[in-house]
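Colleague: Here are the chains, one letter per residue:
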Amino acid sequence: MSLEARSLAVAMGDNEPTPSPPGNNGGSLLSVITEGVGELSVIDPEVAQKACQEVLEKVKLLHGGVAVSSRGTPLELVNGDGVDSEIHCLDETPTQIREEEDEMGATMASGTAKGSRRRRQNNSAKQSWLLRLFESKLFDISMAISYLYNSKEPGVQAYIGNRLFCFRNEDVDFYLPQLLNMYIHMDEDVGDAIKPYIVHRCRQSINFSLQCALLLGAYSSDMHISTQRHSRGTKLRKLILSDELKPAHRKRELPSLSPAPDTGLSPSKRTHQRSKSDATASISLSSNLKRTASNPKVENEDEELSSSTESIDNSFSSPVRLAPEREFIKSLMAIGKRLATLPTKEQKTQRLISELSLLNHKLPARVWLPTAGFDHHVVRVPHTQAVVLNSKDKAPYLIYVEVLECENFDTTSVPARIPENRIRSTRSVENLPECGITHEQRAGSFSTVPNYDNDDEAWSVDDIGELQVELPEVHTNSCDNISQFSVDSITSQESKEPVFIAAGDIRRRLSEQLAHTPTAFRRDPEDPSAVALKEPWQEKVRRIREGSPYGHLPNWRLLSVIVKCGDDLRQELLAFQVLKQLQVKKQSQLSLLDYFLQEHGSYTTEAFLSAQRNFVQSCAGYCLVCYLLQVKDRHNGNILLDAEGHIIHIDFGFILSSSPRNLGFETSAFKLTTEFVDVMGGLDGDMFNYYKMLMLQGLIAARKHMDKVVQIVEIMQQGSQLPCFHGSSTIRNLKERFHMSMTEEQLQLLVEQMVDGSMRSITTKLYDGFQYLTNGIM
Amino acid sequence: MAQVEKRGGLLRKSSASKKPLKEKVVLMYDEIFMTEDPSKCSPRFWEELFLMKVNLEYLEGKLESLDGEELMKIKDNINCLFQHCIQALGEEHPIRVVNALQTLCALIRGVHQKNKSTSGFDIINMLMGFDKAELCMKNLMESLDSLLCAEGSESLKSLCLKLLLCLVTVTDNISQNTILEYVMINSIFEAILQILSHPPSRREHGYDAVVLLALLVNYRKYESVNPYIVKLSIVDDEATLNGMGLVIAQALSEYNRQYKDKEEEHQSGFFSALTNMVGSMFIADAHEKISVQTNEAILLALYEAVHLNRNFITVLAQSHPEIGLVTTPVSPVPTTPATPLGTTPPSSDVISSVELPLDADVQTSNLLITFLKYSSIVMQDTKDEHRLHSGKLCLIILTCIAEDQYANAFLHDDNMNFRVNLHRMPMRHRKKAADKNLPCRPLVCAVLDLMVEFIVTHMMKEFPMDLYVRCIQVVHKLLCYQKKCRVRLHYTWRELWSALINLLKFLMSNETVLLAKHNIFTLALMIVNLFNMFITYGDTFLPTPSSYDELYYEIIRMHQSFDNLYSMVLRLSTNAGQWKEAASKVTHALVNIRAIINHFNPKIESYAAVNHISQLSEEQVLEVVRANYDTLTLKLQDGLDQYERYSEQHKEAAFFKELVRSISTNVRRNLAFHTLSQEVLLKEFSTIS
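Protein sequence lines correspond, in order, to chains A and B. Position one of the first sequence corresponds to residue 3 (my numbering), numbered consecutively onward. Position one of the second sequence corresponds to residue 26 (my numbering), numbered consecutively onward.
By construction, these hints were calculated from the structure, which means they are not laboratory data. Do not rely on the hints blindly, as some may be mistaken.
Now the in silico label distances, taken between C-beta atoms and shown as ranges [stated by the list, open to error]:
id	chain 1	residue 1	chain 2	residue 2	range
1	B	R619	A	D507	18 to 28 Å
2	A	E514	B	A620	16 to 26 Å
3	A	E541	B	T599	26 to 36 Å
4	B	P225	A	H554	29 to 39 Å
5	B	K530	A	H554	44 to 54 Å
6	B	T599	A	H554	52 to 62 Å
7	B	L595	A	D507	25 to 35 Å
In silico negatives: residues of chain B with every beta carbon more than 10 Å from chain A [what the hints assert, rightly or not]:
id	residue
8	N391
9	V538
10	G602
11	V646
12	F680
Please read all numbers here as calculations on a predicted model, not as lab measurements. Glycine included, each C-beta is placed from N, C-alpha and C at the ideal position.
Work out the full structure: start from the sequences and follow the hints.
Modeller: Shown next as structure tokens:
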């Protein structure tokens, strides 16, 4: 919501200073909308615009990942809780736009950009002007990138290279792919200008290092001809990987203690645990502790041990900063590849779960998800929650990752491993006193529960405690009578009076309870992902937290990641995705509208209306993006819907000039089926008109930012052999699609045409049919 | 290489030529068997002795041939030998260590075989002398411990384990083996754990280590505090527990594989026999022949782990690829198990060690699945004693699992679906189910299937009452969990119901035979109470309302059986016979079932009369049932969802004593063969020297 507020401001800012002739029209249009639908609607063109840039950015990132695939590490991790992730991604764009527009206005920005180009060509004497521009407050990263790309003056480049240090990290991060691509594929001077900045940032942030390394690897591998430049990228990459760039203050003398593989056991996160083998482990390191073969006082030794091993751990903590993370990514990719070899989804799921459980043995570790917005360490992958997603030959999968937030990734020590079973007390007489406390507390909270056990074994008490704790709380509202019922059975025990119940009641309760259970999909072995994704995020977090040995820690967080690894084909891009959305259609076996009705209540309810609005808004935004970037492969499997009705596109594997298998399908501008229109209230509905209006607004807004968009694409085209840049006309076509020359009236007509065309388009339907036949995606 | 061969050839030649003569080592043994101190005349006697290749047969045979008194005469020399053996264990040269270990084996066995009747204390005196025994054993255990933990030769470690196994199994009754008292004081538990937690050593010695542990845990289990029990119960190191699980899983799946091979062999043999038109005569015993030696030792280890150590339960669900096909078993732990990712040097080790075989046919499995398959094979045939033991132990383990909260959680986990191919006994009246069509379900379904399978296949004259009781208990415990946690399992309960009803029928039709041996009323009561559980608590765990209807249908359909049961228990409870009390309990338990039958039967009859139908279809009966629930009142019975927890202490002690005895004998028998083969060791160490 905060985002909406912010973007609202952006939209207003955008509107007011527009000096261009169609400005009036734009204004009136806006006011119409505000009258009609309410102020929230104003956001949308901006959202579309942002989404557009964001998608472009993502696509770039994705390409990075793809290219890496040739080396065998294709990975893109994108986090997110549906909306969250979007906000996260958008965060960068809006702020940027706001800065720019508040102070200068969009048109002016592009004007100066164009102007400067002219100037550069004409006369270098105007450099003082340039300098003034550079030094002015208005000079932002987008302009910097543009100058860096276009300018041939080493001085300018060097200046901008220095200037990079002044920008906010997040702003620059947005353009990181461009920067690195330039570094690799453009001449020396640009590279020299950028390098100090990158090195500086690498020193600061390990996450930045990782991203650089991945991107550099990705872009470098595109280049086969120019080995000299190629090697420049590779060199930098090696430099980053070699870890010479770690923060200076961390460069301390490491004891020359090797991890002691020769003694058979090495210092370990496991050494914090209480067990005999720890004792032996620590001996190999700390000679002051000697294990005696017959020491019965293992318990007493523990604290001593853990403290001593901890210090060892710390001294070991930073030999190679990036290696663990790369190993982590590699193992995730390896899992994906192995999954792809399995024939059935069921086998894939089974294998995935088992592989992840093995992976758990090596966590927690100094690894992180590059996608999260905070510093953290990954501690556990709840393996049973993982699902394989629908895809025919690749096996993208969704995993949840438990992390512990920490202040600083580098300096905070890796959390100690807590075994899976730690929540349970050990069934031993010795251990009971210490573990008993927690269990008694638990049992205490369910004090009405009788002690079923008559035998006096000490552990029976906590067993019952556990049992009761696991009672699903959800039921409490729907089955009051049941709990009363079980109380009945207890009291009857005491009073010894026969209790009678009606068979009809039992039967009724059974059917009532089943009716009360939320509309869960029946588990389908063919599509296990649907059930997993249906569960509301909050509930899932709560459930996983309960089951996790780390769940009690206050800084515990759950993140989700989709891992998709491609084969050698570049076409296969990385998937990213978002939680809380689901591929509803196949499961619910309903039409989209019916699904909306089912999930959000009847037409008139608040929930339905807001969901509908969300749907329309997001749909408009994405349609525009699809059109501008020519995103293809838009079958229903690639379109997700979140719980609030937002539509979300995934898998930007085919954009710009590339199209799946060149079948020539999908000739329409974007995907808009009658089902979509039905949700919007039919062809004559207000919502549909609103949709068209949003489209128009979005297009107009997008035009203002054409330069920036084109610039991003242009830079990335450098030295790239990606299929989306096939043909020479890619950029030109892209520019054409912005229809800069049209008036707004013409644009309106164009939108009408496109919407019409898309809707009637048989090919969209055909393509869905095609996907259904080949991949079983409905 | 050539040199080695040459040397080998030379050795062979020389030993062959010397055959009529006595080996030097034998001569030295003879000296020991004199009453005089052998080191008197040759001061380097002991040093030399351990350079000689041990002649186990001779040494053992010689010791055996002496009777108690003769042995007492040379006690000093034997004590001396024992002490020098222990000293030699600390030597640097592995040949000496090997020889010392083997000599110790021979000594311990030789002395025991001779002295079967004598007490453990005599044996300690004979070997070490009372005064020195404590120190001696302490040194011995410490040496073994450091040998096992050191980065030494694998075969040396193996020999250490063999010696320990030999020590533990010399007596039939492990609790009478007094020497083990020293093994209790000087624990080698940590060394065993280390072997299990370390993948390479686990691969080599895991089996022996696990068997040794299982046996040590059973030493005077019920009489005194056994430190191994205490220690095993608190182990929480995942690497170790997983290691143990893997060893067990490997052994069990090896058995499963062997069985499967034999079965296939048989089938092909059977088909060829069929073509010869004589095969049909042998079908009956053809199936009985398929028996592979069961492995109770490993099953006992599994039991102790599950029973004593709660953390081990998690290992049951720990996935591993189906072992057996894989030559190098995949470890759940990377080769450097204790290295956190954060500190590993950049290497691909971490990945490659986790690399699972890419074979798509290899189904992921876990210890529990392997165990269930194993159980399904073992429980098929409970005729001979070994298998009866195994089957019983399987059911006991299942009981422990069914009681465990965490185990139940993953048994019922909807995310963990597996296809479990249980072995089904081929029977005349049913076809062998096609394995491939099995659906993928939560693991608890496989457990229930196994129980149903057991129920329907063991209704025979030699009625395994004890196993049946355990089987019903397992089902009951699972139901209790489902009821408490409101788990609605999509299981075809009907199969269970009809199996239970058939069992009741069997009990009644064989009343006289069975009553002579067993109290069939406890079993009948348990079965009836299972039905009561479904009837009164069905709303909490049945998957659909119609499954509740089906329950009624099944009861009404089989009302004859319940009627018969009722009249039987009524008859016996009114007689003042032996079974009065037990039978009357069943009478009370039957109240709801009888209420259902008495309530619906007239309704169904009148429905048939009104509609002029002689035979109602299932759908019609269900319709009547649905329409008439509201007028039926049931009585809530006490304690349906309560059970007595499994406790080994009193009830099972005798069984485990007997089991451990047979395992000891078995291990000892197998050891004889292994320990004697010295070739590998000699080869290994001859190159070092």
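Colleague: Give a verdict on every hint.
Modeller: Hints and how they fare:
1. B/R619 - A/D507: 18 to 28 Å: With a Cβ separation near 20 Å, B/R619 and A/D507 satisfy 18 to 28 Å, so the hint holds.
2. A/E514 - B/A620: 16 to 26 Å: holds (23 Å)
3. A/E541 - B/T599: 26 to 36 Å: For A/E541 and B/T599 the Cβ distance comes to about 57 Å; the hint is violated.
4. B/P225 - A/H554: 29 to 39 Å: holds (36 Å)
5. B/K530 - A/H554: 44 to 54 Å: holds (53 Å)
6. B/T599 - A/H554: 52 to 62 Å: holds (60 Å)
7. B/L595 - A/D507: 25 to 35 Å: holds (29 Å)
8. N391: violated (8 Å)
9. V538: Nearest chain A Cβ is 34 Å from B/V538, so the label holds.
10. G602: holds (27 Å)
11. V646: holds (15 Å)
12. F680: holds (19 Å)
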